[in-house]
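Put the two chains together into one complex; each comes in its own frame, and the hints tell you how they fit.
Chains A and B supply the protein sequences, listed in that same order.
Every letter in the first sequence is one number past the one before it in UniProt numbering, and letter 130, counting from 1, is 130.
Every letter in the second sequence is one number past the one before it in UniProt numbering, and letter 87, counting from 1, is 87.
Hints listed in this document are in silico derivations from the structure and should not be mistaken for laboratory results.
Hints should not be assumed to be uniformly reliable.
Which stretches of chain A does chain B cover? Using the computed rule of at least three CB atoms under 8 Å from a CB of chain B, they are [unchecked claim]:
| hint | segment |
| --- | --- |
| 1 | 84-90 |
| 2 | 95-104 |
| 3 | 114-124 |
| 4 | 137-151 |
Okay, derived cross-link-like pairs now, DSS-like style, lysine-lysine, Cα gap no bigger than 25 Å in a straight line [claimed, not checked]:
| hint | chain 1 | residue 1 | chain 2 | residue 2 |
| --- | --- | --- | --- | --- |
| 5 | A | Lys83 | B | Lys71 |
| 6 | B | Lys89 | A | Lys137 |
| 7 | A | Lys11 | A | Lys50 |
| 8 | A | Lys137 | A | Lys54 |
| 9 | B | Lys100 | A | Lys88 |
| 10 | A | Lys125 | B | Lys75 |
| 11 | A | Lys83 | A | Lys54 |
| 12 | A | Lys54 | B | Lys89 |
| 13 | A | Lys50 | B | Lys66 |
| 14 | A | Lys54 | A | Lys11 |
| 15 | A | Lys77 | A | Lys88 |
| 16 | A | Lys137 | A | Lys125 |
| 17 | A | Lys125 | B | Lys71 |
| 18 | A | Lys125 | B | Lys100 |
| 19 | A | Lys84 | B | Lys75 |
| 20 | B | Lys75 | A | Lys137 |
Cβ atoms here follow ideal geometry from the backbone N, Cα and C, with glycine treated the same way.
Given next are the chains, with one letter for each unit.
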Amino acid sequence: MITLISSDKRKFHVLEEVANQSLTIRDVIEDRRGRRRADRIILVTNINSKIPEKVIVYWLRHFLMPEEIAHASMSHKKAEKLKKWEAKFFDTDIDTLNDLILAADSLDIPSLFDGACEKVSDILKNRSAEEVGEISKIENEFTHEEEEEEIPSENAWVWRNEFA
Amino acid sequence: MAIGCIDQEKSFRLVHGTKILGRKRVVIAQDSFNSSGVLSPVSFPQKRRSRRPQIERFNMLESLPKDMLVKVLCKVDSSDLGQLLLVSKTVNEAALIARKIHHLYSTPTKRTFKWLDASNNYEDAPNAPMQHRVARSRIKGKNLACLAVDLFLNYDE
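Looking at chain B on its own, in the form it has when it is part of the complex (with noise of 0.2 Å):
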């Protein structure tokens, strides 16, 4: 999508370049650009692919530009980054960007711990003393809440 001033006698012109485009987004016409002086934060693709037939320009994750697929992929859930890498040498690229920007530093989804979670595959330790009764928690809820109280009491002072 482009945003351009229309001036006048300009904004035949302006159309006629979105035109050659195609679906490529942005486009300003340099002149109009300049002279509204707007930094809008819009950026040119870096390199125009050869144009696709009619039929081919329909490609949901190709024809997005490279960096906006990134972003789309930094939203993907990390464990499903696998399987992207395998879809097309574009989206293989554009998912090592995102996982080198995003997922790397990303807190791990509930499934990445699956592996740590207790109740699944918990097994005694070797020789350890068998358990007759499990520990219960010795905070309650009323407990817990004069506790707080208590805290808050002495902050204050």
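So that you can see chain A by itself, here it is in the shape it has in the complex (with noise of 0.2 Å):
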């Protein structure tokens, strides 16, 4: 057993092989091994308590379905629930999706990085500057010339075809 500790405090007990899938905390395990039970507690923060919760969940769905079987002989049906699950899983609002990443990034879990960046791609999709802006309460910065006439003649290949 670890004990994982968030930033508000928050205890959260889980199965070494669970954990295994960060690849940070498996070399942090790996590094104290043989040590005393009081290194079994590994402190992370910076996060609210939340995000941690989420990460568990997470892992606890793919530790059922490591991902080396998952890819060679898992059956389609269970694919296609694995995969229906993800998406339920990354349907959150963006903030925990941005915190999702961070949290995936620092605790280097591939799988989940991967997973919620395509969704914010996903919500980016076929969307104007505006919207992107609104969405991610960016307040645009550009002057109106700026955005007119020099960024599109800075970076003609967007609208020419690059491949024609």
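Okay, here's the thing in structure tokens:
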């Protein structure tokens, strides 16, 4: 058992095999093998407790179905089920996705990172610049001239068909 | 999110340290980093932007460190990249980097080749002879199966 402690001092007890899905945690555990019991406590800070919860849920789901097996011999039905589950898992607000991406990066969980990124790119798909700004609450700091002339002229590739 | 060892007396300082950086990722107290010898794949943000007021902090794309933003934009469809250039300066820079390192080398999606789709804008060549019947493929499913088997038999010999 490993204990993860979030920034708001909440404790999460996780099986070592489950937490091993994070390459960062795996390295930390590997490094401290054979030491005192207190060393099995890992501090996971800088993020609210909602995210560790989500990450652990994700781990548990994937622990039942390790990736290597998933690709090689998983039945079509099971794969479909997992896909559906992931779609539901990532169907959250954009701030949570943001936190998930950060968490997946620092904990080094490639599949979670890819999943969250794909969801973000799905959100951005086929949207105009204004819409993207609205969704992600970014204020447009470009002047009108820049928007109309400079950027299009500097980046002609956007409007030119590169493969023509 | 930070990973650090809890060394009984250091733990308080660790948590305190993360507060200063706010949502910026990865904070590892320097001494615990060295003592544990963990070479985790974490990197420190190259430059810290000045602190923003509390409300603005939840800018989705901009609150991500730049390298992460680039990774996210690598997943975006390349045809959507153009609009992202106009969103903001940070996103603009990140989109350009993403294009340089990923989109220029990735296989274009079907959408990019839409103009090539023959069924959409097929035009007859000038002075081409009229075709009265459509040429039908002479390969049928059954024949194809035999062909494959024969090939493999030859290969065995």
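Now for the hints, and whether the structure bears them out:
Note: the segment 84-90 of chain A has 0 residues with beta-carbon separation from chain B under 8 Å; the three-residue rule is not met and the coverage is violated. Here the segment 95-104 of chain A counts 6 residues with a CB under 8 Å from a CB of chain B, which clears the bar of 3, and the coverage holds. Under the rule that three or more residues need a Cβ within less than 8 Å of chain B, the assignment of the segment 114-124 of chain A holds, with 6 such residues. Only residues whose C-beta sits within less than 8 Å of a C-beta in chain B count toward coverage, and the segment 137-151 of chain A has 8 of them, enough to reach three; the restraint holds.
Of the supplied pair hints, the one linking A:Lys83 and B:Lys71 holds, its CA atoms being roughly 22 Å apart against a limit of 25 Å. As the CA atoms of B:Lys89 and A:Lys137 are separated by approximately 14 Å, the hinted pair is consistent with the 25 Å bound. Between A:Lys11 and A:Lys50 the alpha-carbon distance is near 12 Å, which keeps this suggested pair within the 25 Å criterion. With a CA separation close to 24 Å, the supplied pair A:Lys137 and A:Lys54 stays within the 25 Å bound.
At roughly 33 Å between alpha-carbon atoms, B:Lys100 and A:Lys88 are farther apart than 25 Å, so this suggested pair is violated. Straight-line distance between C-alpha atoms of A:Lys125 and B:Lys75 comes to about 11 Å, which keeps the hinted pair within the 25 Å bound. The suggested pairing of A:Lys83 with A:Lys54 holds, with an alpha-carbon distance near 17 Å, which does not exceed 25 Å. Annotation: proposed proximity of A:Lys54 to B:Lys89 is violated, straight-line Cα distance about 32 Å (limit 25 Å).
For a cut-off of 25 Å, the pair hint linking A:Lys50 to B:Lys66 stands: about 24 Å separates their Cα positions. For the hint linking A:Lys54 to A:Lys11, the alpha-carbon distance of about 14 Å falls within 25 Å, and the restraint holds. A C-alpha spacing of about 17 Å is found between A:Lys77 and A:Lys88, which places the hinted pair at or below 25 Å, so the restraint holds. This hinted pair checks out: A:Lys137 and A:Lys125 have alpha carbons roughly 17 Å apart, not beyond 25 Å.
The straight-line distance between the Cα atoms of A:Lys125 and B:Lys71 is roughly 16 Å, inside the 25 Å bound, and the hint therefore holds. Taking the CA atoms of A:Lys125 and B:Lys100, the gap is about 20 Å. The hint holds against a cut of 25 Å. Among the hinted pairs, A:Lys84 with B:Lys75 is consistent with the structure: their alpha-carbon atoms are about 20 Å apart, no more than 25 Å. Distance hint between B:Lys75 and A:Lys137 is fulfilled; the C-alpha atoms sit about 20 Å from each other, no more than 25 Å.
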